[in-house]
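A.B. asks: Keeping the supplied structure of chain A fixed, place chain B upon it in accordance with the hints.
Quick mapping for you: the protein sequence lines, in order, are chains A and B. Using numbering that gives the first Met the number 0, you'd call the opening residue of the first sequence number 0 and step up by one each time. Using numbering that gives the first Met the number 0, you'd call the opening residue of the second sequence number 0 and step up by one each time.
Careful: at least some of the hints might be erroneous.
Restricting the straight-line Cα-Cα distance to at most 30 Å, the calculated cross-link-like pairs of lysine-lysine (DSBU-like) are [as the list claims (entries may be wrong)]: (1) B:157 <-> A:48; (2) B:53 <-> A:48; (3) B:53 <-> A:45; (4) A:4 <-> B:53; (5) B:53 <-> A:85; (6) B:157 <-> B:115; (7) A:48 <-> B:135; (8) B:157 <-> A:4; (9) B:135 <-> A:4; (10) B:46 <-> A:48; (11) A:4 <-> A:48; (12) B:157 <-> A:45; (13) B:115 <-> A:45; (14) B:115 <-> A:4; (15) B:165 <-> A:45; (16) B:46 <-> A:85; (17) B:135 <-> B:46.
Hint data in this document are derived by calculation from the structure and do not stem from the laboratory. From a predicted model like this one, the values you see are computed outputs, not experimental measurements.
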Amino acid sequence: MQPCKILEDLIPLYISGDLDAAEADRVREHLSTCPSCQSFYHDLQKITKLLHAEPIEMDPAYGAELVVALNDRLHAREVRARRWHKMMVYASTLLVIFSTVVLLKERFFKTEQPALSWSEDYYSALLKIGYFNEMPLLAGSDEKEPLTVDKVNMVNDLALNVLTGNRLLPVEDFVEVTAPLAESEFESIYQNLADQPF
Amino acid sequence: MESFENEYVRTFNQLVLANQPRIYRLFRRMVDSHEEANDLTQDTFIKVYRNLSKFRGSSSIDTWIYRIAINTGLNYLRRQRARQILGLDLVERRVSDDEQPANPATSNILRRAIAKLPARQQMVVILRSYQELPFKEIAAILNMTENNAKVNYSHALKSLRRILNKMGVDYAAL
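If we strip away everything but chain B, and leave its shape as in the complex, we get:
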């Protein structure tokens, strides 16, 4: 008979395998490098492991994992912004600007524009546009009403247009 410990680990490994693509992609949209996204993905699943026994099933397990990931990501972004404000991140920024993304014409511009949005708007845009989640699920993940999630999304897109305009982006060339 399988021990409880082994079963716990097996369930956890299955959850990792099932959820890792969307969690990794979520972080890859938020940060510059694979290493950062990988670290955040690992941190998220370590938290999942530690708290799995506390999961009560009030939402789906996927939503619960997303929520942990979003909180992990938001904390990371807050720390990053604090570091940038304090001027501690100059060297790292320069290094990441040198990295060549797959599609430099758009990836960099979009990522930089999204990074200028307030954290909640960033999350809504990433979850709706990149992860293609319905607003109902986004609302559950971000602990807000569905209407609030939609308002955040609308504001985010309007802000993105303004930011891209300021960056001198020519929409005809996009």
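For reference, chain A alone in the conformation it holds in the complex:
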């Protein structure tokens, strides 16, 4: 049976004693004459009683145990936070030392060799010495004679070293690499690379 729409919202509050006197009288009066609302009222009264009659048993020591558990958790958090703080201090110190060493090295032990990186300049330098040509010519060579296969490989090796080493080859290495070349060819290649505005 469905209760009357007007009073169904008031009946739960009537049962819990949360209506003012006038509203409570209105509900009481209506209940005395309406069987649908009476049935609704009795059902809700039982539900409310059940809700109230459900005690939760608690261990008397629970409060003290909870305080101990909470203090342990908070202490553990504090220890973790302190450890983390210490680690951050160590890391920052190491970073400062490392940066200082790098800066000092740059300032006092800087080598004469210019640091080079891959750029358009490399590309044009390699283009000039014929790295990308099928039968490259030695740029600057007087005879402009075509390179033999060995010479092409040699120039390719040289170019590869320049590329992968990220810096100009030291002269000794350069000599070693280019030893099989004729002197004029060597000079030409060396000059060609050394003159590039890297």
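C.D. replies: Here is chain B on its own, set in the frame of chain A:
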């Protein structure tokens, strides 16, 4: 002279001791096991500890702690529902259904019925019926008007009756 840190901890411990029964009971109404209720109680008080210095006294400290507990509980219930919807909670559900409550005839039925209510209605029912708080305080805790709290309570009881009817509960036997 006592250090500020020690005084802070002492005040916190006093708050825990004074509020733990109602906070634990609140959670015990919301979840199946002591372990879950205990975890939620601890989480609530950890949040209280972290935010105690920010408490400005615009409401009573008890209401403020209740509000933290309710938010903790609501978040937990939302996560639980999401897990159930995703089917991640099947094993745990089965385990908790096997637990025997103190009064199995009513506890289980009521808890299952209350769990089907919308979260806000659940909270109002628990705070009004179990915790026996006045609507004025419930409104302050749930950040709603007193009238709204009463409307939620009425709707919750009507819904409970409908849910219990669907579950085949015989009111004459209750």
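A.B. asks: Could you grab the alpha-carbon distance between residue 53 (chain B) and residue 85 (chain A) and see if it respects the 30 Å cut-off?
C.D. replies: Holds, because 27 Å separates the two Cα atoms, which is no more than 30 Å.
A.B. asks: CA of residue 48 (chain A) to CA of residue 135 (chain B), is that 30 Å or under?
C.D. replies: holds (22 Å)
A.B. asks: Quick one, are residue 157 (chain B) and residue 4 (chain A) close enough, alpha carbons at most 30 Å?
C.D. replies: Holds - the C-alpha atoms of residue 4 (chain A) and residue 157 (chain B) are around 12 Å apart, at most 30 Å.
A.B. asks: Under the criterion that the straight-line Cα-Cα distance not exceed 30 Å, is the pair residue 53 (chain B), residue 45 (chain A) satisfied?
C.D. replies: violated (43 Å)
A.B. asks: Holds or violated: residue 135 (chain B) and residue 46 (chain B), Cα atoms, limit 30 Å.
C.D. replies: Satisfied, since the Cα-Cα distance of roughly 24 Å is no more than 30 Å.
A.B. asks: Against the 30 Å threshold, does the CA-CA distance of residue 53 (chain B) and residue 48 (chain A) hold or violate the hint?
C.D. replies: Violated: residue 53 (chain B) and residue 48 (chain A) sit about 40 Å apart, past 30 Å.
A.B. asks: Residue 4 (chain A) and residue 53 (chain B) were given as a pair; does the straight-line alpha-carbon distance stay at or below 30 Å?
C.D. replies: violated (46 Å)
A.B. asks: Within a Cα-Cα threshold of 30 Å, do residue 46 (chain B) and residue 48 (chain A) meet the stated pairing?
C.D. replies: Between residue 46 (chain B) and residue 48 (chain A) the Cα gap is close to 34 Å, so the pair fails against 30 Å, i.e. violated.
A.B. asks: Assess, step by step, whether the Cα of residue 4 (chain A) is no farther than 30 Å from the Cα of residue 48 (chain A), and give holds or violated.
C.D. replies: holds (23 Å)
A.B. asks: Below or equal to 30 Å on CA atoms is what counts here, so check residue 46 (chain B) against residue 85 (chain A).
C.D. replies: holds (25 Å)
A.B. asks: Between residue 115 (chain B) and residue 4 (chain A), does the CA-CA distance stay at or below 30 Å?
C.D. replies: Cα-Cα ~23 Å, so holds.
A.B. asks: Hey, residue 115 (chain B) versus residue 45 (chain A), does the alpha-carbon distance stay inside 30 Å?
C.D. replies: holds (19 Å)
Violated hints, listed in ascending order, are 2, 3, 4, 10; each of the other numbered hints is respected by the structure.
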